[in-house]
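Peer 1: When you read off a place in the sequence shown, starting at 1, and then add 7, the result is the number in the numbering used here.
Just so you know, the hints here were simulated from the structure itself, not pulled from any lab data. Quantities reported herein were computed from a predicted structural model and do not represent experimental measurements. It cannot be assumed that every hint is accurate.
[As the list claims (entries may be wrong)] Label pairs and their calculated CB-CB ranges:
id	residue 1	residue 2	range
1	Ser-17	Leu-169	14 to 22 Å
2	Ser-68	Thr-22	15 to 23 Å
3	Gly-146	Ser-17	16 to 24 Å
[Said to hold, decoys possible] In silico lysine-lysine, PhoX-like type, Cα no more than 25 Å apart, as pairs:
id	residue 1	residue 2
4	Lys-89	Lys-145
5	Lys-177	Lys-89
6	Lys-177	Lys-88
7	Lys-145	Lys-84
From the three backbone atoms N, C-alpha and C, an ideal C-beta is built for every residue, glycine too.
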Amino acid sequence: MENKKEIQLSSGRRTMIFLCLVVSGIASSILSTAMTTALPNVVEYFGISTSIGQWITSGYSLAMGMIMPLTAFLITKFPTKKLYLTGIAAFIIGLLISIFAGNFGLMMVGRVIQACGNGILMTAAQVIILTVYPVEKKGTMMGTYGLATTAAPVVAPTIAGLMIDAFGWKSIFWVALVIMAVSFVISSIVFDDVLELQDKKFDVISFVE
Numbered sequence: 008m009e010n011k012k013e014i015q016l017s018s019g020r021r022t023m024i025f026l027c028l029v030v031s032g033i034a035s036s037i038l039s040t041a042m043t044t045a046l047p048n049v050v051e052y053f054g055i056s057t058s059i060g061q062w063i064t065s066g067y068s069l070a071m072g073m074i075m076p077l078t079a080f081l082i083t084k085f086p087t088k089k090l091y092l093t094g095i096a097a098f099i100i101g102l103l104i105s106i107f108a109g110n111f112g113l114m115m116v117g118r119v120i121q122a123c124g125n126g127i128l129m130t131a132a133q134v135i136i137l138t139v140y141p142v143e144k145k146g147t148m149m150g151t152y153g154l155a156t157t158a159a160p161v162v163a164p165t166i167a168g169l170m171i172d173a174f175g176w177k178s179i180f181w182v183a184l185v186i187m188a189v190s191f192v193i194s195s196i197v198f199d200d201v202l203e204l205q206d207k208k209f210d211v212i213s214f215v216e
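Could you put the whole structure together from the sequences, leaning on the hints where they help?
Peer 2: Right, dumping it as structure tokens:
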């Protein structure tokens with residue numbers, strides 16, 4: 008079904024929305040693999056074992072995997088702009104908690120919140136792209152978004168290694184924080200409620216399964 012917003016949005020507005028999606032997607036995707044490089048530094052900083060420290064990556068993936076199917080329901084219940092900005096805000100809050108965490112437990116809380124924010128952003132982004140672009144451009148734009156967000160984690164460990172050597176492991180969080188803060192401001196200006204709300208009930212059984 009065609010969404011009316013697809014016709015109402017100008018080409019420039021679509022491009023700005025797409026750029027916000029890509030920038031946020033890249034920033035959040037980078038941290039999913041960059042922390043692998045930072046693991047030895049984090050382990051040393053908090054004085055924990057490697058087996059416990061690895062939860063900063065595995066716990067992140069687990070939390071993100073749980074929130075993504077839930078987001079498919081949330082996008083039918085909450086306005087697009089509000090939900091997407093909530094995802095960015097959650098990611099920023101998670102970054103701040105991780106940066107200033109005084110112990111590993113608090114660090115993990117920050118990582119889980121980041122994962123929840125990222126799960127919302129990644130899931131909502133794909134639906135938004137498919138909604139705001141006409142049929143003939145959907146494939147191209149989805150491919151571009153997919154390329155950007157899958158290539159970023161590949162180069163992230165190398166970039167993270169250089170940053171950690173030069174500025175310490177927390178630098179990767181600071182860079183992501185700045186990028187996401189800028190993305191939040193721009194998204195709050197250019198985003199629109201492009202997805203139609205639906206009267207659907209949450210299928211708890213399917214979510215658990």
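Peer 1: Check whether the Cα positions of Lys-145 and Lys-84 lie no farther apart than 25 Å.
Peer 2: 24 Å, holds
Peer 1: Between Ser-17 and Leu-169, does the C-beta distance stay in 14 to 22 Å?
Peer 2: 40 Å, violated
Peer 1: Does the alpha-carbon distance linking Lys-177 and Lys-88 stay inside the 25 Å limit?
Peer 2: Since the Cα atoms of Lys-177 and Lys-88 sit roughly 30 Å apart, the hinted pair is violated (cutoff 25 Å).
Peer 1: Just to be careful, I want the Cα atoms of Lys-89 and Lys-145 compared with a cutoff of 25 Å; is the pair within it?
Peer 2: 23 Å, holds
Peer 1: Does the Cβ pair Ser-68, Thr-22 satisfy 15 to 23 Å?
Peer 2: 31 Å, violated
Peer 1: Do the Cβ positions of Gly-146 and Ser-17 conform to the proposed distance bound of 16 to 24 Å?
Peer 2: 21 Å, holds
Peer 1: Taking 25 Å as the top limit, are the C-alpha atoms of Lys-177 and Lys-89 close enough?
Peer 2: Violated - the C-alpha atoms of Lys-89 and Lys-177 are around 29 Å apart, more than 25 Å.
Consistency with the previously given hints fails for numbers 1, 2, 5, 6, ordered from lowest to highest.
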